[in-house]
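2 protein chains.
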Amino acid sequence: MQTANSSTEEEIFRVRKLEISDKNKGFVELLQQLTVCGSISDEAFRERFEELAKCGDDHVICVIEDNNSGKIVATGSVFIEKKFIRNCGKVGHIEDVVVDSSVRGKQLGKKVVGFLSEHARAMGCYKVILDCSVENRPFYERCGFKQKEIQMVKYFV
Amino acid sequence: MQTANSSTEEEIFRVRKLEISDKNKGFVELLQQLTVCGSISDEAFRERFEELAKCGDDHVICVIEDNNSGKIVATGSVFIEKKFIRNCGKVGHIEDVVVDSSVRGKQLGKKVVGFLSEHARAMGCYKVILDCSVENRPFYERCGFKQKEIQMVKYFV
Chain W
181 MQTANSSTEE EIFRVRKLEI SDKNKGFVEL LQQLTVCGSI SDEAFRERFE ELAKCGDDHV
241 ICVIEDNNSG KIVATGSVFI EKKFIRNCGK VGHIEDVVVD SSVRGKQLGK KVVGFLSEHA
301 RAMGCYKVIL DCSVENRPFY ERCGFKQKEI QMVKYFV
Chain R
181 MQTANSSTEE EIFRVRKLEI SDKNKGFVEL LQQLTVCGSI SDEAFRERFE ELAKCGDDHV
241 ICVIEDNNSG KIVATGSVFI EKKFIRNCGK VGHIEDVVVD SSVRGKQLGK KVVGFLSEHA
301 RAMGCYKVIL DCSVENRPFY ERCGFKQKEI QMVKYFV
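Protein chains in written order, with the working numbering: chain W, 181 to 337; chain R, 181 to 337.
No lab work stands behind these hints, which were simulated from the structure alone.
Watch out, some of these pointers could steer you wrong.
For identical chains, the list gives no copy identity; a pair is met inside one copy or between any two copies.
[Unchecked claim] Pairs of lysine-lysine residues, derived as DSS-like cross-links and limited to a Cα-Cα distance of at most 30 Å, are as follows:
no.: 1; residue 1: Lys328; residue 2: Lys290
no.: 2; residue 1: Lys307; residue 2: Lys270
no.: 3; residue 1: Lys262; residue 2: Lys205
no.: 4; residue 1: Lys205; residue 2: Lys307
no.: 5; residue 1: Lys291; residue 2: Lys270
no.: 6; residue 1: Lys205; residue 2: Lys270
no.: 7; residue 1: Lys270; residue 2: Lys251
no.: 8; residue 1: Lys203; residue 2: Lys286
no.: 9; residue 1: Lys251; residue 2: Lys291
no.: 10; residue 1: Lys326; residue 2: Lys203
no.: 11; residue 1: Lys286; residue 2: Lys328
no.: 12; residue 1: Lys251; residue 2: Lys262
no.: 13; residue 1: Lys286; residue 2: Lys197
no.: 14; residue 1: Lys234; residue 2: Lys270
no.: 15; residue 1: Lys234; residue 2: Lys291
no.: 16; residue 1: Lys251; residue 2: Lys290
no.: 17; residue 1: Lys197; residue 2: Lys262
no.: 18; residue 1: Lys290; residue 2: Lys234
no.: 19; residue 1: Lys197; residue 2: Lys326
no.: 20; residue 1: Lys234; residue 2: Lys262
no.: 21; residue 1: Lys205; residue 2: Lys328
no.: 22; residue 1: Lys205; residue 2: Lys326
no.: 23; residue 1: Lys234; residue 2: Lys286
no.: 24; residue 1: Lys251; residue 2: Lys203
Same shape as in the complex, but just chain W:
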């Protein structure tokens, strides 16, 4: 039974790249569980989507769609920073990881972070980094991350 259930969940919750039609599947509402994110007009969404699409593999947003409900239930993004240090090395930056509160405990967050980390590795990054709250440290440790530095911020608005 365990195996059968796992297999089913594998099929219901697949990670894929963001599509423009995901706006109508609750993508923006999902982001609202993460932080401030007012409603976005279809035009503004399309504009930002196309700006990001121009970056190709250098900026990827992935989602998990619940294939039963047709809702987007998890997301995260990664962009590839090109540097001069480390012999013109690259670093992956993971941002905006969120899992719908109704589907927590299914390892979907781990799946998203795994997908994004693997993308950074495949793009030739020597490391992938992210900032998180102290409360989320155990989750990222389970994803294979270690705490290194501290994050500093300056707000303009």
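Following the hints, put chain R in place on chain W, whose structure we already have.
Same frame as chain W, but now just chain R:
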């Protein structure tokens, strides 16, 4: 005398954007004071420089050249991340700030961080962030930053 000296230093240490000829002015050697950065061939340098130039204002590397010695003595970079959250907001990421050990104490680091922060603000970012060691926190606090989260990392090599 104080004023005259300050004015002179203002002219000697101006912040400007990285130019391809800065490779011959000690730019790579300066980065080596920050972290691992082997020698970079002229071809590899040009290739990376041109890749970054394509990003335009979305990825800026600034330098301070000592106009007396013709050496690059400080640098830092900022790239602009485009998001869906915060109503399609943008975030500036400051990276790879370093000041030559021979010119510490002249506030050049503060000048670099100020230049990069101002660029992020002018680009419409709602915040600018960076990761640093606990030891460097006081410096960034003097630059107007506050500690917020923690940085997690996963190395591939």
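Those earlier numbered hints the structure runs against, lowest number first
Hints 10, 21, 22 and 23 contradicted; others consistent.
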